[in-house]
Amino acid sequence: MDDNLELPNNDGPEIRVGDNLEEEDQSSGDEDEGPDWIKLMPKAARPVIPKRGDKEFEPSKQGGSGLQQHILQRARNAIKSISYGTWHPSLARVSVTVSRGISIGTVGHSVPRETAMTNGTVKTQKRMELLPEEAIYLIERGSLLCWKESAVEYPNDGTFESISGSPMTVQQAYTEMIGKEDLTMDRYQVYAYLKRLGYTVTRTKPPTAFYPLTAPFPPSLLTLTSSSSCNSKISALFSSYSFDWWRPLRIRRWLKMDKNYSFIFQSLRFIPSGHKVPQYSPTETQTPSSPYEPFFNLYKPPTPFKKSAPPPPDYQMVVVNARTTPMPSLRELTAIYDNAPELPPPQRRVRNPPQIQGISYKNLTGTGGSDTLAQSQTHNSNTPTWMSSPSMISLLPHGLTSWLYAKPTSSLQKVERRPNPFAVLRQGKKTAIIATVDAGTINIFRFAQGAFETGPWF
Amino acid sequence: MNGRIPIRVANKRAYVWDVDDLNRIRSDHRLCGLLVGTLPHLSQQNVFLGLPSQLTPEEATLLVEKEYAVFVDDANAYPEPSLSQFQQWSAEQKEYIKHQQAVLGAENTKAQELAQLAVSEEAIRKRKERELKRQQKAMELRKLQEMEGDPVAGSELPVPIPAVNAGPSTSPTSPSAHTQYNVCITTPSSALSWYSPDSCTYSTIEAAQEAGIWDFPSNLQDRARYGVFKDLWEQGYFLGGGIRFGGDYLVYPGDPLRYHSHFCATVIESQTHSIQPMEIVAHGRLGTATKKTHLFCGWDDERKTVSYLSIEWAGFG
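Going down the list, the sequences are from chains A and B.
Start counting the first sequence at 1; every next residue gets the next number (UniProt numbering).
Start counting the second sequence at 1; every next residue gets the next number (UniProt numbering).
There may be inaccurate statements among the hints.
What the hints assert, rightly or not - A short, non-exhaustive set of chain A residues, derived as facing chain B with CB atoms under 10 Å:
1) S166
2) T169
3) E176
4) Y193
5) E332
6) A335
Read the hints as simulated data drawn from the structure, not as lab findings.
Owing to the predicted nature of the structure, the values given are computational and were not obtained by experimental measurement.
Glycine is no exception: its CB is placed at the ideal position from the N, C-alpha and C atoms.
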């Protein structure tokens, strides 16, 4: 950051907001320098400061007029459209009266409410409602003008499209909406952080019955509980219709393909290992309530998200307070892992793939992937499309299936390389993402449950 | 109470919503706070954030104890506006919108006038004349050069005059009636005429704790943290959050915008608290790797004093 400040010049550094700035700020040497606010000020208002060597400068940003203009008013951009809503403290929801703009497209859910009509009857109407965190975020960025419901009818002289109560400031929104419906300031800060990055964020546990339920993870990805070791092999043979990435060798014996090292080594392993084997768990049934529970479901920006029927989430995030919450215990982590989907081993990235028109590269990296079968999950798994429908593969041996579906890829460069064992170990099978908040600073950690007992290292 | 900075308390957290108050806290009282709000102009990034500024419990408690600030129970400060207050607020918004429309409208007419001039018949005719003149000059020059015997680099055909459609101008002469404008969502409630913090202001920590809006410090750990914070602050340092460097506080010799921190402080709750050797090594290495000195600060709850030990990694041989 200091390189372009060595020689004095009148044009300031160019503003790069986004990835570049974040990378700079993450260098550990500069970590407590903080962002350079002068870059935010318009060029005319920036102080012209002569620089010689590493002489320190005193930024005037504390009382800078540019900064004041920026953060004093929440004037929205004229190109965006503004929505209107009403805050109902008793319901802890904001009902949307006028809905416009793109940012309101991924938030909110539809709730039927009884409204008293003018002719005296009570009719049930559906209206869009926002959770407190969604409402505060929209108000903050200037996409929603919120009124607080009141018994007084305030006159509308045409300035606003709809008036349904007293006007709320951003300060009032923070004060009144945080603390309701399980929303703490920590959780709101993580929510706003993720929304600013572009994710779609919903709650893992629906707060009411009207909140749309997320689609569960496909059963092929959830952990299969293991049976005892003696009949595990037999059952494994017959349960091969759901292809297991982590144990691709089961059918080989049946096909008399067992004269190789991998099969022999596997057969010799009679000591059960791995996370699927149930451990001794003490008899106490009272598990103390723990803050380590997923609170938010995250969807990556390109994932298609439908408000009424959300797909399985790309990530699930736990939010804890860094001051009061200790590190998670093994039991708490295991509880999170048990509900998480199993990740397939990371495939090697195809470098410089052949430029073939009309074929998506996702199919190149799968073994014999076919793009004819419909795929419902847009999960972050790299599972080829045909694995999620178990009926298609029922009794066909593995070799035959891959041949059958190899047609689209036979003309392409076949990528049959094993995944990198270190990448597999690092990713693990299950993932837990934990965000810790300490008075405004958010740190996000990923804990992974590793797998040593099966894998592509022999 | 005059001149004391209002700290808005909501859900037992301290916020500062007015920029002037923020300035005073930083420049007069050496406390920084942390901006946590979304900037509406740059709403899709996390590097630059705006109001409110969140104060840590230690910073807020210190300000109130030293009588620089008061606590305002924000949840109870919003009575319903009367009709006249609302109408006045609505009128102010209307004024702001009209002002915007006037400014934007003037800009629009100017731009449209210029655009009109460019396509008017006068302008087209003049452009043609200029082109002709330029080509004639070029041909004369070439003739001169040929007579003087200079080699001519190829024969250049004159550039044909681009056919300009001098059709009737279609742009309207008057600016559009529906110019877009910004609707202002106010940030600080102090801008509202009906916001009344006076009835729920608390000028001492005890009063706030009794009222139930504030509860720091509540146990030995809090008292130790606060004691160390106050002691370091009274020695003239600026203090920031230490979670990024594995400690409780970062200790700056001056404003954090100017200087790097010198120390990373860890609070030890009592004089008899045990410290593992591994902790000493870990803190020492971490501090040295980040060009800071790690500070162990021991709090004595009976005598209310702090003792300091600094650690630096030094290799032998």
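Here is what the structure says about each hint:
no., hint, verdict
1, S166, "5 Å, holds"
2, T169, "5 Å, holds"
3, E176, "7 Å, holds"
4, Y193, "6 Å, holds"
5, E332, "21 Å, violated"
6, A335, "25 Å, violated"
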